[in-house]
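First to last, the sequence lines map onto chains A and B. Each number in the working numbering comes from the position in the first sequence (counting from 1) with 2 added on. For the second sequence, counting from 1, position 176 maps to 156 in the working numbering; every step adds exactly one.
Note that these hints are calculated values from the structure, not bench results. Fair warning: this is a prediction, and the values are worked out from it, not measured in the lab. Just so you know, nobody snuck in bad clues.
Calculated cross-link-like contacts (lysine to aspartate or glutamate; reagent style DMTMM-like; alpha-carbon spacing at most 20 Å):
| hint | chain 1 | residue 1 | chain 2 | residue 2 |
| --- | --- | --- | --- | --- |
| 1 | B | K66 | B | D49 |
| 2 | A | K83 | B | D212 |
| 3 | B | K192 | A | E86 |
| 4 | A | K221 | A | E176 |
| 5 | B | K56 | B | D82 |
| 6 | A | K272 | A | D283 |
| 7 | A | K221 | A | D210 |
| 8 | B | K66 | B | E135 |
| 9 | B | K192 | B | D212 |
| 10 | B | K66 | B | D112 |
| 11 | B | K28 | A | E374 |
| 12 | A | K83 | B | D193 |
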Amino acid sequence: MAQDLYAGSNETTEGKVFTVTGQDWDSITEGLDDVAERVVVNMGPQHPSTHGVLRLILELEGETVTEARCGIGYLHTGIEKNMEYRSWVQGVTFCTRMDYLSPFYNEMTYVLGVEKLLGLGDGDGDDGVPEKAQVMRVLLMELNRISSHLVAIATGGMEIGALTVMTIGFRERELVLDLFELITGLRMNHAFIRPGGVAQDLPPGALDEIRGFVSLMRKRLPEYADLCNENPIFKGRLEGVGHLDLAGCLALGLTGPVLRSTGYPWDLRKTQPYCGYETYDFDVQTWDTSDSYGRFRVRLAEMWESLRIVEQAADRLAKLEGAPVMVADKKIAWPSQLAIGSDGLGNSLDHIRHIMGESMEALIHHFKLVTEGFRVPPGQAYVPVESPRGELGAHVVSDGGTRPFRAHFRDPSFTNLQATSVMSEGGMVADVIVAIASIDPVMGGVDR
Amino acid sequence: MSPDNTQDPSGDAKLPAQPGQVESMGTRHGMFGVSGSGDTSGYGGLVKQTVFPGPSQRPYGGWYDEAADALESRLKATGLTTAVEKVVVDRGEITFHVRRDDLPFVVQMFRDDEALRFEMCLGVSGVHYPGDTGRELHAVYHLLSMSYNRRVRLEVSVPDADAHIPSIVSIYPTNDWHERETYDMFGIVFDGHPALTRILMPDDWPGHPQRKDYPLGGIPVEYKGGTVPPPDQRRSYS
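For reference, chain A alone in the conformation it holds in the complex (with noise of 0.2 Å):
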């Protein structure tokens, strides 16, 4: 058995401890003769198939789990409390980092909260957030949901085996990275959705790509029902495994994919819109069998979904050609006019020339906004979106301050991994990893 050098020796009253590094079964089957059955397994926290630093408490006898806890905590940056010491508009840069796999939907919920403080209104009028940055705000969370969405299915399949499934996830997603990359700047992290709107417009050409990209997807997601839809190991896999019925989802809070594979359609975009989601042509889809499998299926069909979204943004933004993209009130909206010189990107010279050549007012207002920021009236706001795991929401409270006084994340990967448990127990240890897998949970949210 191989020394550990961090672990040192173990004494417990409850049986031996033995530190498994690898490769090293023979040593430790030598001394398990005198064992009982009944082994208390650590997986993780670093372990290929935990969905990133998750620490798995196992109880087991023989192959078959009779208890599973979770230890989080690993991943916990302080997110929340460091908001507390930034400005309203740089809270989205912190809150984009908590689920990395969703950054728009962390950015949107959390300007949700502070818009509706703030009293801007939903779409129409001077004092409101305009529609463009409405619809741009649609197309890039539509756009995360396939990304996210296809790096759930590509890890679940590489955890059982099937790797095709997660090169094909993952080249898939390169493809949506890109189109953040020109639309945002950034490929994660963006903070673009800024309170009052989106921090910059559209950059040329960007519509072209989007419906390229959404014609391309259209050939390639029938690749993934092919791979795995009926594929009978697959199907072996998945099939009952992680079960949880819909009194289970509502008592353990479960929301998103897993609640929808009860078969109870309960999307926040169709019963609770927001950004202007009850005009777009879109439905909500489940499956009956609330099991892995079932989720697979209603993840695969959601991507089908938003990009259905996706197109129908599209078309609008090709209507709405220079439209403002931020609130008209100069004393909230950030100015980030940024542009692409021939050192890369930086500062618009037309911004610059703007504030420091023709416009006082306009300096004051930069000047203000960037080394104080913006004050918001007291009072609390809890706006939700659908995020890719479920309800997403920010309790957000302000002090009348230039800072949140508390901004509170009720992550749905937080809430969905209470349901590890009830879903393996009883089940073997490879059903675990299925299970996990089927919550999809972003160590990220779940610790922020």
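We have chain A already, so just place chain B on it with the hints.
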């Protein structure tokens, strides 16, 4: 569950402005965070009350009144008329401030009453208001009714010196981890929780980091004994 069952019916209550009962949560001094820095602008002498939205008067509007009626009649039937301290309707969201001892009962009613049916709890979020003397720690619960497509917020306030709130894990099991997180971050003890341990911070961590009085530390720098002050003591706009 049609979309016209609006989420925010507060606009329906065609009322003049609500009688202004103010809720002060503390005072803000100056404009630049720190004092005594030789600021001669005069802004450093500003004193401003932090005023939160005060209690609302009936009618609240739309289904808010239906829900409040249902709650009130049930409370009357059980003699717990003081369970709800006040109701705040603000920015299209309704908040019931609940006395802490009655929280489990009120929450159970929100879940089980036919006219309420809030099937899902979206967890608990703590907020620390050091200026709200005697009620420094607030626990905020968001409830969702999928049957009626409604949302309400419950708020419980407790003094820092006696930070105990009854756990509602037996009513909404989803609150297990949420209550652990709020305990971890604010030190609110949820009595009756099956295993109230830290969840995000290490088990042996001292203090509760999200509290406003949690020391943030500073960074010593190697320049004539200088330090970078902690963020809450830096000069900044406040």
